[in-house]
Structures are given as C-alpha cells and as structure tokens.
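Sequences listed follow chains A and B, in order. Read in order, the letters of the first sequence correspond to residues 1 to 366 in my numbering. Read in order, the letters of the second sequence correspond to residues 1 to 155 in my numbering.
Incorrect hints may have been included.
Cβ-to-Cβ under 10 Å is the rule here; a few derived chain B residues that face chain A [unchecked claim]:
1) F23
2) I61
3) R64
4) N65
5) P97
6) S101
7) A127
8) V139
9) L142
10) V146
11) A151
12) R152
Straight-line C-alpha distance at most 30 Å; calculated DSS-like pairs for lysine-lysine [stated by the list, open to error]:
13) A:K139 - B:K153
14) B:K135 - A:K281
15) B:K76 - A:K305
Label-pair distances were calculated between CB atoms; the ranges are [said to hold, decoys possible]:
16) B:R104 - A:A306: 28 to 38 Å
17) A:Y3 - B:N72: 47 to 57 Å
18) A:S5 - B:D103: 38 to 48 Å
19) B:R64 - A:N330: 43 to 53 Å
20) A:G331 - B:E119: 46 to 56 Å
21) A:K233 - B:R78: 31 to 41 Å
22) B:A138 - A:G231: 49 to 59 Å
What the hints contain is simulated information worked out from the structure, not anything from laboratory work. No residue lacks a Cβ here, since even glycine has one placed at the ideal position from N, Cα and C.
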Amino acid sequence: MSYHSFLLEPISCHAWNKDRTQIAMCPNNHEVHIYKKEGSNWNKIHVLKEHNGQVTGIDWAPESNRIVTCGTDRNAYVWTLKGDAWKPTLVILRINRAARCVKWSPKENKFAVGSGSRLISVCYFEQDNDWWVCKHIKKPIRSTILCLDWHPNNVLLAAGSCDFKCRIFSAYIKEVEEKPAPTAWGSKMPFGEVMFESTGTAGWVHGVCFSDSGNRVAWASHDSTVAVAEGGKTAVLTSETLPLLCVTFITENSLVAAGHDCYPVLFVYDSNKAALSFGGKLDVPKQSAQKGMTARERFQNLDKKATTDSKEAVLESLHKNSISQISILNGGKARCAKFCTTGMDGGMAIWDVKTLESAMKDLKIV
Amino acid sequence: MAKNTLSSRFRGVDIDEYDENKFVDEQDEAAEQQGPDACEVDHLIRQYPSDQWDTMTAFHIALRNPPINSKNPAVKERAQAVVLRVLTAFKSSDIEPAVKSLDRNGVDLLMKYIYRGFEKPSDNSSAILLQWHEKAFAVGGLGSIVRVLTARKSV
Chain A
1 MSYHSFLLEP ISCHAWNKDR TQIAMCPNNH EVHIYKKEGS NWNKIHVLKE
51 HNGQVTGIDW APESNRIVTC GTDRNAYVWT LKGDAWKPTL VILRINRAAR
101 CVKWSPKENK FAVGSGSRLI SVCYFEQDND WWVCKHIKKP IRSTILCLDW
151 HPNNVLLAAG SCDFKCRIFS AYIKEVEEKP APTAWGSKMP FGEVMFESTG
201 TAGWVHGVCF SDSGNRVAWA SHDSTVAVAE GGKTAVLTSE TLPLLCVTFI
251 TENSLVAAGH DCYPVLFVYD SNKAALSFGG KLDVPKQSAQ KGMTARERFQ
301 NLDKKATTDS KEAVLESLHK NSISQISILN GGKARCAKFC TTGMDGGMAI
351 WDVKTLESAM KDLKIV
Chain B
1 MAKNTLSSRF RGVDIDEYDE NKFVDEQDEA AEQQGPDACE VDHLIRQYPS
51 DQWDTMTAFH IALRNPPINS KNPAVKERAQ AVVLRVLTAF KSSDIEPAVK
101 SLDRNGVDLL MKYIYRGFEK PSDNSSAILL QWHEKAFAVG GLGSIVRVLT
151 ARKSV
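All chains, full assembly: derive it from the sequences and hints.
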C-alpha cells in the first residue's frame, strides 16, 4: 500500500490517464491539477482553470485522451491536449443546478452528467455543428443524481440518486451508435427508458457500479447498506459501520467499498444464494504497541477522559478522513490488481490486491 | 430587526405544499398494521416474577407487527407505549440475552423504538432506554443508528 498526501484540502474527485502515470484531481477549489509521477515524486505539471465553481467530477478517457470536468457552476468542459497545454471546450448542459458527477461512456463517444436539477445530461459530439449537444433524462428522477456508471454496451447507464433509488436508464443516442443487442436488463432500450429501479434500501445512493459483464449492479446507500441486483433479485447487506460512499467491483463476485469509516471493505456476492456477505476490512494492520500504563497515567486518564483505556484518539487507518472515491488502476473490473482511493484528508492511497490477500488471513477474493 | 419578525400569524399559506417539485414518499398500503397486541403483552409481563422466559416472549411479541406504514399517530403511540412497558419490565441482566436473540432487522427495529422513547422522556425511561441502547449498539453498531436516522417510515 502506498499513500501520498497531496495537499491538506480534501480531494473532491480524481481521474487517472491511460497508463496511470498522471492523475487529474480537484483540491476542493475551482481548478483541476494534473500531477505526473516522476520517479517517486508527484509533480504538478498542469493546472486547468476554467470553472467558476468547485469541480465535482472529473473523468479521463483512456483511448482518446480527453478529460471531461463538471462543476457547481452548472457547466462541463471537455479538455483536449494541444501540444503542451489542455484546451477546454464548453458543453452547455442546460441545467439550473450544480453538476455532481460525470462519466465517459466505454466507447468515449458520449458522456453523462448527473446534476442537482434532478436530471441526467447525456452529451455527444455533433459533427455538423462542431459542438457538444446534450439530451436529458428526466423521468422519473425526483432528486439530485449523485453517481453514475456505464454498462459495457455503451448504452445503459446506472444512476444513484438522492430520491433513495438506484436506476438503470437507457442512454441510447441514435446519432452516434447502432441499436444495442438485448441485455440481461431488457431488450427494448429507447432513450430515457428505465430498465431497473431499486427496492429494498433507504437512504441516498452514494455510489453505483456495474460489474465487468454488466449483468450485476451494486450500490452503496446512506443507510449503511450495500446491495447487488442481478436478474430481478436484489441482495442487501446491512452493515454496522458508517455509510459507504463509493463502491466498485474488483472481480465478478467481489466488491470493494469505502466511505466514512476511512478504510476500504471487501464484500463477496454469491449468485447461487443471491446473498451478499462481508469479506473483510482492507487496511494497514493495526500497530499493536501496547505499552504498559503506570498507575499515575491510569489516574490521569480517569481524571481527564473518564476512562482507563489506553487507546489514543487517533485513527489507525491509512486514510485519516472519509474516502470519497475509489478507482481501478489495472486489471479492469474483472481481475483488478490495484485500486486507488482518495478522500477528504487530501491523500491518495494505492492498494495492491495481492498484498492485501496475503496480509489479511481470512480474505478470499473469489 | 425587521418588524415582521415579531409575529408570523399573518402567514396563513404553507407555500411548500404548492411547490410542484415537492418530494412525496410513495404511499405503501397501511395493511393490517395495528401494532403489537397489548393484552397479550400485559398478561405475560404480569407473570414476570415467576417465569423469566415470559418477558422474552412478551419482548418478541411487542416487536412483532410494527406500525411502520400506518399513518394513524394513535396506533404508533400505542405501539410505543407497549414496547416501553416491556423494556421497562426487564431486569438489567436479562437485557443482553434478549438483544442477542434478535436478528438484524429486529435490532434495527429495537433501535427505532429506543430512539422514539428518547423523544418523550418520563421518570425512569431514559435510564432504562440507555441501558437497552448500549446493548443494542454493541450488536447493531453505528449502522443501526444510521438506519434509524435515515428511515423514511418511522415506527
């Protein structure tokens, strides 16, 4: 596990380039900073200044090398690298509240923006006008869209919302693609059609993720639950921890999620029983340096803190504040070997799946 | 200070009701949710000194049939009163096995009743509820408290 602390400000969002040498992130202000790994240092090579409000979402398209950013100024920009600088192109989203999240589609010919205007803007490039246009998915969304994820077929889009539901929409744009083949979620996919709506969880849906095949969708909800839906059945797991904020599949049957408890957690999905179970806490092993307490210290603790525990009030996890985003570095969602987490402590941690598996004895990643 | 902060009696219209984007929860059917059976629970509690296991049964009965979907506040008040009676009837040492006998959903439901009980404290209820809270927290963790806070349909 490696941990790098960029700044003291929380990292609002981040995205990696194709070969994972550069990371674009927003240090909780109006800018996007791009850092490049040189040796063992991270050097800031670009600062993208165009937004007038906090940048809430960044996504970096690996093949076409374009960055899309969206912010609370109700705008999205598509950045292309021209020579040595990133040049922005404004995308009119036609929203009247902040944009919250943005994701490129797998084929990178369109992207979706979730916003507080209770709608999703699906944007695609119109060659004739040399301009990005967008279409809205409005019904039946009744509150802010917090998170998005695309299905591998480039058409279906999973969206988690503050109206306590995770839904799968069709974002089929006939101008840029062919009619999609039938999937496990349905066969008729006109634009804006709801293919799936979640039941069984309450609370805002903070994170949503399709599995590698696209047949399963997992979401993390604010009532401290995580759920997986596949083929009409939903498996919900209530946990005793604080709510989770982000979730991703690392194999077809295993998910990693992280949130307000500051450490990533593994969950395992059993499709035969349609059940989700807790797999283990993925974190640096606890430093068990239990030094003995003198009687004097014991009384002092009792006086000051009304307890004789020798535990210090310091978080033992790698991240010292909530983890807000998790991204796969290599291996894809089918056989992830490394993933990265960023959080409100301004730090970025890279986790190696093999090391975790060998370090935690009961961990089994199926 | 502006003059109109003195009295708001002139504000006769609740404009939030007319907001076309107002979020309204889906209406589930109220079903036959009359809350737990008070008589049965009373009967079992009265037998408490003789048979310890009756309180356990009373406890389980009290937690059955929660009036979650009901919109009738009287039903909810009654259910809350019944559960509070049962919780008060327990000896401190019996609380832990009672909580351990519940499943995940039961612990969440118990937490909901406990927090509902905190809202209207009476002479001894807070102390007893705090004892129950400690034991339920040990099993349910922070997650069960978060579920009490985020539940749209309360008990």
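Mind checking the CB of A127 (chain B) against every CB in chain A and telling me if the closest is under 10 Å?
18 Å, violated
Q | chain A contact restraint on L142 (chain B) - CB to CB distance below 10 Å | A | With a closest approach of 5 Å, the L142 (chain B) hint holds.
Notebook entry, point to check: Taking 10 Å as the limit, does the beta-carbon of S101 (chain B) come near enough to a beta-carbon in chain A?
Noted result: At about 18 Å, which exceeds the 10 Å cut-off, the nearest Cβ of chain A leaves the hint on S101 (chain B) violated.
Hint check for D103 (chain B) and S5 (chain A) - Cβ pair distance inside 38 to 48 Å: With a Cβ separation near 42 Å, S5 (chain A) and D103 (chain B) satisfy 38 to 48 Å, so the hint holds.
If I claimed the Cβ atoms of A138 (chain B) and G231 (chain A) lie 49 to 59 Å apart, would that claim hold in this structure? 37 Å, violated
- Task: Take a quick look at whether K135 (chain B) and K281 (chain A) sit within 30 Å of each other, Cα to Cα.
- Result: With a Cα-Cα distance of about 24 Å, the restraint between K135 (chain B) and K281 (chain A) holds, given a limit of 30 Å.
Q.
Tell me if the beta carbons of Y3 (chain A) and N72 (chain B) are separated by a distance inside 47 to 57 Å.
A. 54 Å, holds
- Minimum Cβ distance from A151 (chain B) to chain A below 10 Å? 6 Å, holds
*asked:* Please check whether K233 (chain A) and R78 (chain B) have a Cβ separation lying inside 31 to 41 Å.
replied: 36 Å, holds
Restraint check, 10 Å cut-off on beta carbons, for R152 (chain B) near chain A
6 Å, holds
| Can P97 (chain B) be said to touch chain A, with a Cβ gap under 10 Å? | This hint is violated: P97 (chain B) lies away from chain A, its Cβ roughly 19 Å from the closest one there, beyond 10 Å.
F23 (chain B) as chain A interface residue, shortest Cβ-Cβ below 10 Å:
6 Å, holds
Of the numbered hints given earlier, the model fails hints 2, 3, 4, 5, 6, 7, 15, 22; all others are met.
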